[in-house]
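S.K.: Take the given structure of chain R and dock chain L to it, following the hints.
One line per chain: the protein sequences are R and L, in this order.
With this note's numbering, the residue at position 7 of the first sequence is 7, and numbering never jumps.
Counting the second sequence from 1 gives a position; this note's numbering is that position plus 149.
In case anyone wonders, no lab produced these hints; they're calculated from the structure.
Small disclaimer: the values here were computed from a predicted structure and weren't measured.
Beta carbons are placed, not taken as given, at the ideal position from N, Cα and C, and that holds for glycine.
One or more of the hints may lead you astray.
Label pairs and their calculated CB-CB ranges [claimed, not checked]:
no.	chain 1	residue 1	chain 2	residue 2	range
1	L	Glu336	R	Asp21	45 to 55 angstroms
2	L	Ala189	R	Phe61	40 to 50 angstroms
3	L	Asp351	R	Thr122	41 to 51 angstroms
4	R	Ala64	L	Pro283	51 to 61 angstroms
5	L	Pro283	R	Lys29	48 to 58 angstroms
6	R	Asp21	L	Asp181	37 to 47 angstroms
7	L	Gly266	R	Glu93	41 to 51 angstroms
8	L	Ala256	R	Thr23	57 to 67 angstroms
9	R	Phe61	L	Tyr188	34 to 44 angstroms
10	R	Pro78	L	Asp181	29 to 39 angstroms
11	R	Asp99	L	Pro337	22 to 32 angstroms
Each computed DSS-like pair below joins lysine-lysine, with the alpha-carbon atoms no more than 30 angstroms apart [unchecked claim]:
no.	chain 1	residue 1	chain 2	residue 2
12	L	Lys379	R	Lys50
13	R	Lys85	L	Lys379
14	R	Lys87	R	Lys36
15	R	Lys120	R	Lys29
16	R	Lys97	R	Lys140
17	R	Lys102	R	Lys87
18	L	Lys379	R	Lys133
19	R	Lys50	R	Lys140
20	R	Lys102	L	Lys379
21	R	Lys102	R	Lys120
22	R	Lys91	R	Lys140
23	R	Lys43	R	Lys133
24	L	Lys379	R	Lys91
25	R	Lys91	R	Lys133
26	L	Lys379	R	Lys97
27	R	Lys36	R	Lys120
28	R	Lys120	R	Lys50
29	L	Lys379	R	Lys140
30	L	Lys379	R	Lys29
Letter by letter, the chains look like this.
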Amino acid sequence: MRRPAILLALCCFAFPAQSADATPDATVKYRHAVMKGMGDHLKALSMINKGEMPRPQDIAFHAAAIRDASSIAGELFPAGTGPDKIKTHAKPEVWTKPDEFKAAMEALRTQAGALVDLAKGTDTAAIAAQFGKVGEACGKCHDDFRVDD
Amino acid sequence: MLALILGAVAQDAARGEVLAGIAGCAACHATDGIWSGGYAIETRFGTFRGPNITETGFSAADFERALREGRSPEGRAYWPAFPYTSYTRLGDSDVGDLWAWFSTLPANDTPDRPHLGTPPRFLLSMWRALEFRPGRFEPDPEMSGEWNRGATLVEGPGHCGECHTPRNLIGGMRERLSLRGSRAEPEPAPDISAGGLVDWSDTDLLSFFVDGIGPDGDVVGGAMREVVLKGTSRLGEEDRRAIVTYLRTVE
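Next comes chain R alone, as it looks inside the complex (with noise of 0.2 angstroms):
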């Protein structure tokens, strides 16, 4: 009978950061690490999208890792973490204006679960037109909420 409540509390200590909060320096650091981790499946895309990398197939899994980073990345932005608290490139209309930068995100994950979805027919030009609507979808939210240097 005390097995379960033993797991339970090794597994408390197997995954300390669940209970815990994170400090703003990570956060901070590890949505960085989530956009930048975005940014290198768009580039892969871009590649693919130019010819420069003939690998079609590989089209979902990058639209698919962006659709499901910016899920992520929408829980990354709480308070405590921004300009006027820590060093960081988003701007303080992330959270005065936390229902426009929440559809901005919904905005990409729609595009790039869109990309998902025509990447598995042969539509190219269909394509190649949708990755064109995930890359707006970055650019249209870093215009709004992050200064860019």
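M.R.: Then chain L, alone, in the frame of chain R:
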């Protein structure tokens, strides 16, 4: 000073539209595709609002004078938020093409909104005397045609230096540091001289000019996003190559 060449040069409105794209005319003079003006550039020297340019009544010579000398038909100096400091480098055929395009803009009767908080006008005259060097881009016969084309595009219509060249205390471009990057707020701009682009291959640059995606997968935002969407992506591939060729030689 004025060449009054416009009648003599074949004018191509389609080419003019492409040039207007990299010149970013719409950024200040159009809102949501309507040429009503109104966009505000906020600087530490005041807030400058792009006027409506569809009902200027400009002649071809007036148009050229505005671009090359930064003066209205009445001879009044424009504030350099209108980047005539770069447009003055336009080639003659570029001005002709831009004029042809300009003449096609659908009229719009939106009234101009005034600039706010500008310095006294005599300071503008002083500024122009110190910082404005009018004159078209003179091709360098030692360099290739492609290089010269790139140089004209970058220094003239592209007006790249307006953001990528650091400015001095009175807001003039520091020519010795041309295209070496600027930390100016609110839109800092990176070093795009040869040294700043060492990590970018030619393919990276050409591809960035089309889709705004950098070599690390980063998608550009801010003002440069507009430059890519409305400017560099609408140029021909030869123009983009010419720009790369030129940037590679900027020290």
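S.K.: So which of the earlier hints does this model not fit?
M.R.: 1, 3, 7, 13, 15, 30
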